[in-house]
Amino acid sequence: MPAVSKGDGMRGLAVFISDIRNCKSKEAEIKRINKELANIRSKFKGDKALDGYSKKKYVCKLLFIFLLGHDIDFGHMEAVNLLSSNKYTEKQIGYLFISVLVNSNSELIRLINNAIKNDLSSRNPTFMCLALHCIANVGSREMAEAFAGEIPRILVAGDTMDSVKQSAALCLLRLYKASPDLVLMGEWTSRVVHLLNDQHMGVVTAAISLITCLSSKNPDEFKTCVSLAVSRLSRIVSSASTDLQDYTYYFVPAPWLSCKLLRLLQCYPPPEDGAVKGRLVECLETILNKAQEPPKSKKVQHSNAKNAILFEAISLIIHYDSEPNLLVRACNQLGQFLQHRETNLRYLALESMCTLASSEFSHEAVKTHIETVINALKTERDVSVRQRAADLLYAMCDRSNAKQIVAEMLSYLETADYSIREEMVLKVAILAEKYAVDYSWYVDTILNLIRIAGDYVSEEVWYRVIQIVINRDDVQGYAAKTVFEALQAPACHENMVKVGGYILGEFGNLIAGDPRSSPLVQFNLLHSKFHLCSVPTRALLLSAYIKFINLFPETKATIQEVLRSDSQIRNSDVELQQRAVEYLKLSSIASTDVLATVLEEMPPFPERESSILAKLKKKKGPGAVSVELEDGKERGELNGGGDRGGDAAIAASNASTPSPSADLLGLRSAAPVSGAAPSAGSLLVDVFSEAGPAASSAGVNDDGFLSALHAPEASDSPLVEGPGDSDSAPPSAASEDPAPPLPESDELLNKFVCKNNGVLFENQLLQIGIKSEYRQNLGRMYLFYGNKTSVQFVSFSTTVSCPGELQSQLNVQTKTVEPLVEGGAQVQQVINIECLTDFIDAPLLNIKFRYGGALQNISLKLPVTINKFFQPTEMAAADFFQRWKQLSQPQQEAQKIFKASHGMDTEVLKAKLLGLGTALLENVDPNPENYVCAGVIQTKAQQVGCLLRLEPNAQAQMYRLTLRSSKDTVSQRVCDLLAEQF
Amino acid sequence: MIKFLLMVNKQGQTRLSKYYEQVDIEKRPSLETDVVKRCLSRKKEECSFVEYKDFRLVYRQYAALFIVVGISDTENELSIYELVHNFVEVLDKYFSRVVSSIMFNLDKVHIIIDEIIQNGHIVETNKNRILAPLLALDKMAEAH
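Going down the list, the protein sequences come from chains A and B. Those letters in the first sequence? Residues 1 to 982, by the UniProt record's numbering. Those letters in the second sequence? Residues 1 to 144, by the UniProt record's numbering.
Hints in this document: simulated from the structure, not taken from any laboratory. Treat the hints with caution; some may be incorrect.
As the list claims (entries may be wrong) - Label pairs and their calculated CB-CB ranges: (1) B:LYS139 / A:GLY158: 43 to 51 Å; (2) B:LYS139 / A:PRO270: 28 to 36 Å; (3) A:GLY158 / B:GLN13: 33 to 41 Å; (4) B:ALA141 / A:SER18: 43 to 51 Å; (5) B:GLN13 / A:TYR418: 27 to 35 Å; (6) B:LYS139 / A:SER18: 25 to 33 Å; (7) B:LYS139 / A:LYS298: 45 to 53 Å.
To be verified - Just a sample of chain B residues kept apart from chain A, beta carbon distances all over 10 Å, derived: (8) LYS3; (9) LYS10; (10) ASP34; (11) PHE104; (12) PRO133; (13) ALA136.
We put the CB at the ideal spot given by N, CA and C, even for glycine.
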């Protein structure tokens, strides 16, 4: 063989490389390189034209310097010059430099293209190959435009040299991947497919890559390749070909080509033609048989090459998933490999078996290897192999072996490598849930998980155990008892405290009968962990405490004491402080009934896809993929048991709904919402407005936390339509037209007659908060659209329209909102309103967006009512009565007598009347029980004076409301609006 | 497909790198360091396939020379493992002492790789045909 650097070897380059290699330090190397760079630069800039040889030498040095990891910012032009040289070595160095160092967006591309064009038409095969390599390496769009038409011709032309065909095939592949629109196969398709029959194996090897890619994109067009591939494969496998001699590798005929043919077949379903299929099955059987034959060589290369084909054949068998016989044979073969001394084989066998496990034909066969796999999990020295073993256990798990597998995985977790613990935890959690027949086993498993690998138990996992405990009342008592016991450990993981706090807060009463777990013992146990926990856990514990007050009145004093302590009520963390203050207040003000309502047991969670599964899917990994497949089949079983017939139906109705992340406590969503709508938490406001005036002030600055606690309950109310829930909004789901306003939108409107801020609308996906202010006849409204999910809303748009007459009465201007609302984000929209004249209807707000592909279409009434344009007018008694008399025509007056639908508390009434926008006049009406108000409605056209008198009759629980104004329509409208408020 | 091929010495220095997927030149050194670290740290009895980001590494050691190939999941690991060996045998056939020779003949090593892999796909596995262009070239040079 030729010695090193013979012929035109560049001595200067060899010297330079030796110098570099002899450098004692990095500094010395850099110094030598800088010296050389300066030298090359001066040579390139010099006046003397360099000959090809010198140019090549310097470009080569630059290349070497680059490969040592240094930046090269010059020499590109010289390299391009080398392309037009007639000397192969110079041309080649030029192309090499360009392939390695020129990015596809370089400005030099034009010059390079010219050189390539010359070489392609040179009919010199070596030059043509160099040019094709370069196109393939750079692959820019400009190059594709220039050469995409030319290359297929070169590829199929009869007189093209084999080596050029090989390059052309792969060059075309690169262009097709980069710019598929420019590579039009049309007329060439059949001739390209027939390259599979080329007598030269190298051409077939190259062409098959191109055909595989094209077939996967246009399977129909390239369908004919299946029979050609089968016959080629058959000739190789049966060693019938005579052209194999040079392509035999350690006694294995054409291993790489065989693998590629088998891979190509995986782009298609099993052949329909019986003869082709028969031939293929024969091939696959031969391959499986050969694995059993004694090796023709002891060399590892021989067995590796043979097994490469075998694994690829097994992939194809799994892909077809239709030949039970072959599947079982494949499984047995892999089973042998599981105990092979070659680590590589064990690894690949475990991985391959993972996909076999999801086939119904081979699932049972795979299961027979469980002991071997468990053994691998315990004894393999390579973590990546153990990882595969764990994946396989997960894939082969079913109801029959779940307990064994989960137990093995749990015990493996204790010593598992840190890198795979989180995934293991997720898998154990999923298997435990999926195959739980006995839910106490499930609870035990998850608590064990927390005990063994608490740090790796993500939120999804412990949320899930709580969801399941809440939804299944047969396990609640057991769960309470178990967490109580688990919390006895002197050091228990914070996640255990979270689960414990939550479960005892809900179901502590179920174990309170035992004096060893009496309410106070439970509380003291929880509270002993309090100080070691982080803020979110403490917040959770505070909620558990308030629930305790409801569950066990006897703990009230102790807990109030804790809440009242400075470390709670003055905690520097605002969330904790607020909870302490509110809970303390709640526990001291609210009656037992109210308390019981507010702190009622959590309603069942809607059945939804396990968030853990979603998380595992996010993590990549072959194991996860196979389970996804399996999961589709077993969906109905997801929440196993079978004793809750409704589950399946609920699961099905939710199946299309990628559920909002399971934010059990509203910890995350409450924060942004509260910022947006200062008096959100309407639930709490309602509770307090009935409870009394003192409490209502507390309600005003509530942050919606309690309402978040009740969010799942809200989801049961008719207000909320689940996305895609066809019962409540049939027209909205399908059509792009604005949906008709929700039936409850009038009710929503009434909520805002006497207030300007609050939550206008809320469902599982979206919350709309409102803040508004009015002056004279102008108003400005801020709408806050909050995405409650973790998935973005797309094509989000809102429109405000004034139906019918309203168009001439109100002038409403909106600014458009961004079409994307990220998960958990909130967008704001400003609406400017001008009141032209008095009006009755309310503007319509339509919101459309896509969530997980489904169009959401919601229409609401915007709470703009005539009273918003009131300006309060203070006046003395005499003035009032004088004006009252002036407005004595019958049409100027509107009157209603109605029954009280809320409490008749003085302060609440006053607050509402003030909220209406009028001035509340004291000492005017001779009867102190009555209320009188005055205000002027400001419209652009006119001002309408308005007087109001409200006469409550506490005994009869009735009101009489009288309105007088200079305009009959106004009197009537204000009267109607206000009558709904009391 | 094959994403890249690296030839690395025992100290972890890249001797040759060939990329078949666009990787920014600035990002290559850090990718190489990371990849090499993962392979070099593995023991003999550990398997030769490493999961790395969204693809796999197949590596093989020859005395002080490591060859690492990054592949996508459409590629057959064992066949790549043997492809590396085939490649080394070609180098062996052409150069007498592989490890030091490749340093001085990077251009020729590139020619050889280009004959075996183009564009991330195996294009030729026959040793004689792989070496044919190079031998033709040497003949031309001798004729000078």
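The hints, checked one at a time:
1. B:LYS139 / A:GLY158: 43 to 51 Å: Taking Cβ atoms as reference, LYS139 (chain B) and GLY158 (chain A) lie about 28 Å apart, which means the hint is violated.
2. B:LYS139 / A:PRO270: 28 to 36 Å: Violated: the Cβ-Cβ distance is about 50 Å, outside 28 to 36 Å.
3. A:GLY158 / B:GLN13: 33 to 41 Å: 47 Å, violated
4. B:ALA141 / A:SER18: 43 to 51 Å: 21 Å, violated
5. B:GLN13 / A:TYR418: 27 to 35 Å: This hint holds: roughly 30 Å between Cβ atoms.
6. B:LYS139 / A:SER18: 25 to 33 Å: 27 Å, holds
7. B:LYS139 / A:LYS298: 45 to 53 Å: 37 Å, violated
8. LYS3: Since the minimum Cβ distance to chain A is about 13 Å, LYS3 (chain B) lies beyond 10 Å and the statement holds.
9. LYS10: Answer for LYS10 (chain B): holds, closest chain A Cβ roughly 15 Å.
10. ASP34: 14 Å, holds
11. PHE104: 5 Å, violated
12. PRO133: Its Cβ does come within 10 Å of chain A, the nearest being 6 Å, so this is violated.
13. ALA136: With a cut-off of 10 Å, ALA136 (chain B) comes too close to chain A, as the shortest Cβ separation is near 7 Å.
Hints 1, 2, 3, 4, 7, 11, 12, 13 from the earlier list are contradicted by this structure; the remaining hints agree with it.
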